[in-house]
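Peer 1: Between the sequences and the hints, there should be enough to build the whole structure, so can you do that?
Protein chains in written order, with this note's numbering: chain A, 1 to 190; chain B, 191 to 673.
Worth flagging that the hints you see were computed from the coordinates, not collected in a lab. Idealized CB from N, CA, C, for every residue including glycine. Accuracy of the hints is not assured; some may be wrong.
Said to hold, decoys possible - Simulated restraints, written as ranges between beta carbons of each label pair:
id, chain 1, residue 1, chain 2, residue 2, range
1, B, Ala211, A, Ala62, 46 to 54 Å
2, B, Ser497, A, Pro118, 38 to 46 Å
3, A, Gln144, B, Ser507, 29 to 37 Å
4, B, Gly267, A, Pro155, 55 to 63 Å
5, B, Ser298, A, Gln8, 48 to 56 Å
6, B, Leu531, A, Asp36, 45 to 53 Å
7, A, Asp36, B, Arg386, 49 to 57 Å
8, B, Pro372, A, Asp132, 55 to 63 Å
Stated by the list, open to error - For lysine to aspartate or glutamate, the following DMTMM-like pairs were computed, each having C-alpha atoms within a straight-line distance of at most 25 Å:
id, chain 1, residue 1, chain 2, residue 2
9, A, Lys37, B, Glu288
10, B, Lys203, B, Asp465
11, A, Lys37, B, Glu283
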Amino acid sequence: MTAPRFTQLTSRAVVLLDADVDTDQIIPARYLKGIDKAGLADALFADWRARPGFPIGTPASAGAQILLAGDNFACGSSREHAPWALVAGGFRAVVSTSFADIFRGNALKNGLVPVVVPAAVHAALATALAADPALELTIDLEAQELRAAGVATTPFVVDGFARRCLLDGVDELGFLLHHLPDIEAYERGR
Amino acid sequence: MTTSDAPRTLFAKVWDAHVVAARGSIDAPTILYVDLHLVHEVTSPQAFAGLAARGLRVRRPDRTVATMDHSTPTRGGLALADDQARAQLRQLERNCAEHGVTLHALGSAGHGIVHVIGPEQGLTQPGMTIVCGDSHTSTHGAFGALAFGIGTSEVEHVLASQCLLQRRPRTLRVTFTGLPPPGVTAKDLILAMIARIGVGGATGHVIEYAGEAIRALDMEGRMTVCNMSIEAGARAGMIAPDDTTFAYLAGRAHAPRGEAWDRAVQTWRALPSDDGAVFDRELAIDATALEPMITWGTNPGHGVGISQQVPDPARVSDAALRAQLDGALRYTRVEPGQSLLGVPVDVVFVGSCTNSRLGDLRAAASILRGRHVADRVRMLVVPGSAAIKAAAEAEGLDQVFRDAGAEWREPGCSMCIAMNGDQLSPGQLAVSTSNRNFEGRQGPGGRTLLASPLTAAASAVTGRVTDPRTLMAETPNAPARTA
Numbered sequence: 001m002t003a004p005r006f007t008q009l010t011s012r013a014v015v016l017l018d019a020d021v022d023t024d025q026i027i028p029a030r031y032l033k034g035i036d037k038a039g040l041a042d043a044l045f046a047d048w049r050a051r052p053g054f055p056i057g058t059p060a061s062a063g064a065q066i067l068l069a070g071d072n073f074a075c076g077s078s079r080e081h082a083p084w085a086l087v088a089g090g091f092r093a094v095v096s097t098s099f100a101d102i103f104r105g106n107a108l109k110n111g112l113v114p115v116v117v118p119a120a121v122h123a124a125l126a127t128a129l130a131a132d133p134a135l136e137l138t139i140d141l142e143a144q145e146l147r148a149a150g151v152a153t154t155p156f157v158v159d160g161f162a163r164r165c166l167l168d169g170v171d172e173l174g175f176l177l178h179h180l181p182d183i184e185a186y187e188r189g190r
Numbered sequence: 191m192t193t194s195d196a197p198r199t200l201f202a203k204v205w206d207a208h209v210v211a212a213r214g215s216i217d218a219p220t221i222l223y224v225d226l227h228l229v230h231e232v233t234s235p236q237a238f239a240g241l242a243a244r245g246l247r248v249r250r251p252d253r254t255v256a257t258m259d260h261s262t263p264t265r266g267g268l269a270l271a272d273d274q275a276r277a278q279l280r281q282l283e284r285n286c287a288e289h290g291v292t293l294h295a296l297g298s299a300g301h302g303i304v305h306v307i308g309p310e311q312g313l314t315q316p317g318m319t320i321v322c323g324d325s326h327t328s329t330h331g332a333f334g335a336l337a338f339g340i341g342t343s344e345v346e347h348v349l350a351s352q353c354l355l356q357r358r359p360r361t362l363r364v365t366f367t368g369l370p371p372p373g374v375t376a377k378d379l380i381l382a383m384i385a386r387i388g389v390g391g392a393t394g395h396v397i398e399y400a401g402e403a404i405r406a407l408d409m410e411g412r413m414t415v416c417n418m419s420i421e422a423g424a425r426a427g428m429i430a431p432d433d434t435t436f437a438y439l440a441g442r443a444h445a446p447r448g449e450a451w452d453r454a455v456q457t458w459r460a461l462p463s464d465d466g467a468v469f470d471r472e473l474a475i476d477a478t479a480l481e482p483m484i485t486w487g488t489n490p491g492h493g494v495g496i497s498q499q500v501p502d503p504a505r506v507s508d509a510a511l512r513a514q515l516d517g518a519l520r521y522t523r524v525e526p527g528q529s530l531l532g533v534p535v536d537v538v539f540v541g542s543c544t545n546s547r548l549g550d551l552r553a554a555a556s557i558l559r560g561r562h563v564a565d566r567v568r569m570l571v572v573p574g575s576a577a578i579k580a581a582a583e584a585e586g587l588d589q590v591f592r593d594a595g596a597e598w599r600e601p602g603c604s605m606c607i608a609m610n611g612d613q614l615s616p617g618q619l620a621v622s623t624s625n626r627n628f629e630g631r632q633g634p635g636g637r638t639l640l641a642s643p644l645t646a647a648a649s650a651v652t653g654r655v656t657d658p659r660t661l662m663a664e665t666p667n668a669p670a671r672t673a
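Peer 2: The following block contains the structure:
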């Protein structure tokens, strides 16, 4: 099976600094009634798009593949529709000071890289992007570095296995199935 | 870490027992075996489709159980579901039939909310690993199981392999010392904890709840506590199994019987954390100092004691926090620095995987008996399962609710997630026994105050946010400490 790949990305970024953005905002529950992953781009932040100045889904945000998000991004439900909708909306990485656990795992399985940076770097990025919305950030998964003109190069850490899977396009379920003999042995040994 | 006599936590014992020994996978996460996989209509269709695309079957249908809950109508049956929801429910029927998975379909005796029927049928047992494509899977930790929510990709992984790739989380023990005063319930304990540590306060951790207040809870109360672990960001919540646990499980449909039961109980008695077991973090909360809790904002950490004042952003120095509090209060239209007592209520919802069990319904009924829901208030009571509905009706609770002017519905998630047509209108304010007060959670533009069944029922009666103790004082048979 094909698995998402990610090595390096250079893109403009959209800034959404609200803390504790929950998955009900990323994709409201009424969009969870499908049986496939189609049509989720329009559902992304569907209820927040009417807010004056909301940065996602605007002409200015078109083409931006990085989201600079607030602390504890994507808390709440386990819905994988959240990363599906972000990917459908063109995003390939989210930079924040922290992520909710389930979202972090879900994102990595969909080629959406959660990049955790220290609060000071986060603030510097927000300031730099406010001054120059066209500023491009580079997310380098091989080197595990975030780079941007005028901002110190920042190391980040992605789970080693998830990183390997993304760099090499490894399918996680394929990896698990490769271990079926171990799983069968475990079951026999109980 | 599994060696010798080193004291271990409850979590460590369950985790260690489910690690599949795997060779030659340097830097790979643990392959963790899953004892019970619960499935519902919303987070499973893409997983079954993924399975089909690989030509795979469900590996252990005997360890997989499905129900319909999120988008099911709470009256009128499947015919009243909207087209999209009906298609999703039909898809679950097809998937379960094709793979030989037991499905508790709408209208069947075993039907109900996934986190209600698992324990009710004795599927949930101490020491198990339990997963579901649903963040409130933490509920099952009340039995001393390691239970957590997963995404749809992981649902596919478990369907195909009965395993998950997992990193070992850290541990946090939350000890509730002393007993809470009358009127302070399990819901208030957990809302108080989340208010204390915040919605990201337990990220990366499995919580073990301990202390006198937890030991004194019945299983339903323990489920309420563990249910909302995810609202503090925790991976899971657990409570050591004890005689209360075993008494609940004995005789349930899937619980062991006879000698197997005796052996199981013996095994389960070894699960509680050993004396001297070390947790990565510890937190103590004085249960004797708590009062009924209520939320004022847009996440479950925005809670206060019901007589307390909500925050005033003007007094908060941190700019980001001030902005968040300001935004939350603007959304809920709650006055900064004021008490919520007396705020007019439009809707009261008693239900959800947090508070839809028999004890919750009894608590709400104890307030409503002989009283009436205020004129302009709509109250929905939605039992968590068909079995709870039947049990409630057998003791006449449905009549108490109907006589009080509340709507008595069929089981389902209903207005907790508002996918089935049960929802708030824009601007309406609800006191709800559910678990999330996120913006729009109960309907676009709807405003949610989370509280216990006692507080919800009291607020329904007066039509305003009400401290339930003011009505319990007039109720001779009020439960001291339930739900």
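Peer 1: Against the structure shown, which of the earlier numbered hints fail to hold, in ascending order?
Peer 2: 7
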